[in-house]
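Asks: The primary structure of each chain is shown beneath.
There are 4 protein chains.
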Amino acid sequence: MKVGIVGATGYGGLELIRFLHNHSAVEQIELFTSSEEGVIFSSKFGHLVQIADTPLQKIDHDVLAQYDVVFASTPSGVTSELLPPLVGKGPKLIDLSGDFRLKDPTSYETWYGKKAAPFTSLQQSVYGLTEWNSEAIRQATLIANPGCYPTAVLLSLLPLLKEQLIDPNFLVIDAKSGISGAGNKPSQTTHFSEANENFSIYKMNTHQHIPEIEQAISIFAHVDTTITFNTHLVPMTRGILATTYAPVLPGITEAQLVACLQTTYEKHPFVRIVTDSNSLATNRVKGSNYCDILVKVDSRTNRATIVSVIDNLVKGAAGQAIQNMNVQFDLPQTTGLDVVPFFI
Amino acid sequence: MKVGIVGATGYGGLELIRFLHNHSAVEQIELFTSSEEGVIFSSKFGHLVQIADTPLQKIDHDVLAQYDVVFASTPSGVTSELLPPLVGKGPKLIDLSGDFRLKDPTSYETWYGKKAAPFTSLQQSVYGLTEWNSEAIRQATLIANPGCYPTAVLLSLLPLLKEQLIDPNFLVIDAKSGISGAGNKPSQTTHFSEANENFSIYKMNTHQHIPEIEQAISIFAHVDTTITFNTHLVPMTRGILATTYAPVLPGITEAQLVACLQTTYEKHPFVRIVTDSNSLATNRVKGSNYCDILVKVDSRTNRATIVSVIDNLVKGAAGQAIQNMNVQFDLPQTTGLDVVPFFI
Amino acid sequence: MKVGIVGATGYGGLELIRFLHNHSAVEQIELFTSSEEGVIFSSKFGHLVQIADTPLQKIDHDVLAQYDVVFASTPSGVTSELLPPLVGKGPKLIDLSGDFRLKDPTSYETWYGKKAAPFTSLQQSVYGLTEWNSEAIRQATLIANPGCYPTAVLLSLLPLLKEQLIDPNFLVIDAKSGISGAGNKPSQTTHFSEANENFSIYKMNTHQHIPEIEQAISIFAHVDTTITFNTHLVPMTRGILATTYAPVLPGITEAQLVACLQTTYEKHPFVRIVTDSNSLATNRVKGSNYCDILVKVDSRTNRATIVSVIDNLVKGAAGQAIQNMNVQFDLPQTTGLDVVPFFI
Amino acid sequence: MKVGIVGATGYGGLELIRFLHNHSAVEQIELFTSSEEGVIFSSKFGHLVQIADTPLQKIDHDVLAQYDVVFASTPSGVTSELLPPLVGKGPKLIDLSGDFRLKDPTSYETWYGKKAAPFTSLQQSVYGLTEWNSEAIRQATLIANPGCYPTAVLLSLLPLLKEQLIDPNFLVIDAKSGISGAGNKPSQTTHFSEANENFSIYKMNTHQHIPEIEQAISIFAHVDTTITFNTHLVPMTRGILATTYAPVLPGITEAQLVACLQTTYEKHPFVRIVTDSNSLATNRVKGSNYCDILVKVDSRTNRATIVSVIDNLVKGAAGQAIQNMNVQFDLPQTTGLDVVPFFI
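Chains as they are written, first to last, in full-length UniProt numbering: chain A, 1 to 344; chain B, 1 to 344; chain C, 1 to 344; chain D, 1 to 344.
A couple of the hints might just be wrong.
[As the list claims (entries may be wrong)] SDA-like cross-link-like pairs, simulated, lysine to any residue; straight-line CA separation at most 25 Å: (1) C:K267 x B:Q50; (2) B:K89 x B:W111; (3) B:K115 x B:V49; (4) A:K203 x C:V39; (5) A:K203 x A:T275; (6) A:K89 x A:A25; (7) B:K2 x B:S34; (8) B:K203 x D:Q139; (9) D:K203 x B:P75; (10) C:K114 x C:P84; (11) D:K44 x A:E254; (12) A:K185 x A:K203; (13) A:K203 x B:K185; (14) D:K185 x D:S35; (15) D:K114 x D:N184; (16) D:K185 x B:Y202; (17) A:K58 x A:P75; (18) C:K2 x C:N278; (19) B:K267 x C:S42; (20) A:K44 x C:D167; (21) D:K89 x D:Q139; (22) C:K185 x A:N184; (23) B:K185 x C:S42; (24) D:K185 x B:G183; (25) C:K267 x B:V49; (26) B:K2 x B:D60; (27) A:K44 x C:C260; (28) D:K203 x C:C260; (29) B:K89 x B:P118; (30) D:K2 x D:H21; (31) A:K44 x D:Q262; (32) A:K115 x A:S35; (33) B:K162 x B:K185; (34) A:K185 x C:K267; (35) A:K114 x A:N184; (36) A:K267 x D:N22.
These are calculated hints, taken from the structure and not from any lab test.
Start from the sequences, fold in the hints, and give me the full structure.
Replies: Right, here's the structure in full:
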């Protein structure tokens, strides 16, 4: 397989390189850019010396059309123009941005404050939540890779909502992310001296992942709901932990919630159900494609606390993108992704 | 004033020393310990050379009885035996542990798993949430200084509950703390290589601060409620951010919530109401006795998000203890505490 | 005293505010800026709400001339033009930048790559290494506050060089700094995700503090030497630790080195000589104006290891600047600076 | 290949598992322990669920004798007794501790303060600095895997010393390590709240890696020297950066130093010579087996600054151990180790 990565200088792109380097089915990786044509990639990223000593190439649709897969890890608002001309031209297209996730262009424009992708492309795109959509992914040309927060939230909630074990009318999702989620562009918020030793809330009630989560709950769990969702910045580089609170429906027990999750993900290599409430932490999954999930019911309130962790750059971005590529090419989902989490 | 600190080697004790050193009404500070009598304090804590070069003294009730104030920053389960003999013997007693906070000994024994303090002492103790209990504090002999999480949570919720602006029946509190909250005793959880670059949930639905929060809501807001409360560990040393979700009661607006908070704390020097939703962060209050509070209502769900930040070791422990001492001695509350937060 | 701060938005400026807020002789603090006239300072820095709710003022030399002290914490290359017109107009001038430190304009232009300040101003300026130059500081109008690295290095080396206890011909200085030393302007190097969990060397053999150190050794220890000096970036916000290696001169013992340091700084409240080799760490001095120094001689090589720590923003910048102001106004050096280090 | 790991619960052991999991020649990995027989490994380390769900086994020499390779990642003082009975019994033995590194038992006892391994075993052991000793490693039964600091230091210095380009009589080595180097056992020094935001020097002139470095310089560069060596603790988990200062010998240029390093390591896949002085940082090698080296000569002093970085747990421990195993089994050195560094 011949793989092209557009937007390789972003953190999503760097993680794609990290995993594709050890992917047994990938023979060639080329890197494309809008602005630094000819620059040797490893001269920008010293950790890639001897690994990616190739020049960045100009984005050219005729050239890209000859690849088996094209990953776009460009920002939202860019891929909406970049990928549509390539649809049907040959390559499988996997977009890591938010541009093709929302089916409703009005919703996109409201939450992203940018012009939506062409309506036809939005219709063609397939939501790449691998564990829940693999049939459609297998046949898709254009994949909208899920957002980092939605991945963590949906994997933990969808089974419980679909099986009608928790009340969809009071879903409170309190999410926390490492700072790499903000990308590689320096800003005051991500300036070390101001982000270090600091914990903050941001985009209160206005995060663009809200409609993505609601849309996926509607499609995969067949429930229409309006969620409460807030995001916080953790002084660490990688990792998302999402804590969701929901009333348990009458007569439902903690054991049933656990069983539902276990049954749902029994055959899925990257989702692990945790039962020891003292051991859910982002370092369980750091650097890996795992999503670990824990659920507890508070007998005092009969409310469930549902917690999930992922590495935002892996299962929340590049790892799931490669998992989707594996599905598209009928490879085992773990190909190139079977790595041990870092822990330390 | 002559001040004694029992348990000075803990982080609460160290912060007491940091602030009392610059307290204009304090003339003498002596440090007491159960196990290291005679050891020069600054030989254990190099940052205190030239500041606290005094020997640790043996705990002796006759000696302690001669002080104007005795702070106890010993662990829960210790002060319950240490302080009762001193009640009425002269000194004002301020306990930073959880031993005198819960009025119901059964509740203490359930949540703490330890033997409760004598019933009489529990009755005598006054809950030291300064902004809400200053009259009782002024006359108290034995003060139960609030827990770190309850301080952050109660200051933000009490006005809104008392004025019946939010629904007390669905309070979801998602709290996050820096690691100093775990104290100075090394453990696997607080081992740098395992705590760094890691975010985790702990004590799910079982934190001992739950009954403390519920009791204070009952007493100060006159509402009986059962809360959902969870705690997380943030890879930083200082700071607590608590995010509370609650339905807004019918007809109530965000402006009313903000106004209620502003009115409540108008005359209180250490509570600041924040209106810019992009600026609530623990580094706003780092090293200081401030509690900053922000409230937003999500018009999609009509639920309020109420966020507060404190420095867990200051407003959440030593700072509030000194604020209470100031109230007891009719000093301005800011005496010795009027410091600028660190930010960086 | 009426104090003006030009460049208040930088980290040096923020630290000046933090300390001057509690300075007993300072009655008024006004903040000046080149670009944000009228902006309420605390609207930019939320931690200063209720503390610095004043508007930023336009830089106006006639206005500044009416202050007792003007601190400039603007970048190098700016103060060289800003301060000279104010010399002799009334205020004491204290510059935190590098613009007035090097007496030789050619050297400045070589190491800083910028135009030097007017020669007359360079001649008038007094180097503000308080412990070594207080007589001149007392009478000075224009003070060049020392750089952060030079402060840590010089305080530890000058006594030993002046007393001819170590060999000046092979001084190897390996310095490490927290990231706040890079200032408040975001960059790729200081972007959290790339600075966190990373340790790097920078400006190899080319740091602009090299000539400053050599000049001060020449002036205060009467030795001309060419040093080896390198700097590293530590993934923390505050703190400098400088490790210097030097051969001990024949017949000199470790005890003599220690005694020399102790004698030199006996009367100086902010320099502490440490003798326990296990306890020198930047958290001993965090947030304070202390400089802690430790010296050990390796009997295998007869070389001394001389280590010093400071908080780069305090003793390395704002703290020493206020210490110099105190000297100029015949106040005790500790006025406003007598704070307990943070440790945690 | 069938691999046994004794002391799997340490950080070295965990890293062995991380890499061996993806080693194409390894079919079976079993974990041995002195104290927790029968415990399911992943119940202790949640990140290893589905990866290492095997029980810890009792250490039994007869069982271990049936393995192809036995890695010992037990502490110094333990392997000296554990491994000798296995020598010649079948398995290749690779010791990650310091017990078999020093040929002179007296030196071991002086620097480690423990009883040395049997003299015969010390004689049989081969120092596993792969790039410099691969012939002996290939034939060895018992490998003493190098220490983390020595690996970083020796790889950078040996070529320059062997080719007589730098002066061996004034080697000053200033080394800095992430905190994982202290192992997995909690202590006050590694307690998060005291290690975070703190930089310190430790074991001044007394680190047990000093004789190891001197011995290796003598053997591989044929120079007897007494080094100055100090170590510092960096508030991060992984990574070592060692900065060495040495006078350049007369007539030698920076270009010659660079060329010497490049020539030496031309054929070695894990050593990269860096020429851009702005890009040497521990995040270049994080999570990988690379050692990156940079040398600069200061024309003012004619002294070389030689800097190298490794991941202390990989090239400084488990990675190099596997690299040695690869050499012993005539596999390409990169087998199982060809991973992309993390950078972020």
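Asks: So which of those numbered hints doesn't the model satisfy?
Replies: 2, 3, 5, 8, 9, 13, 18, 20, 23, 27, 33, 34
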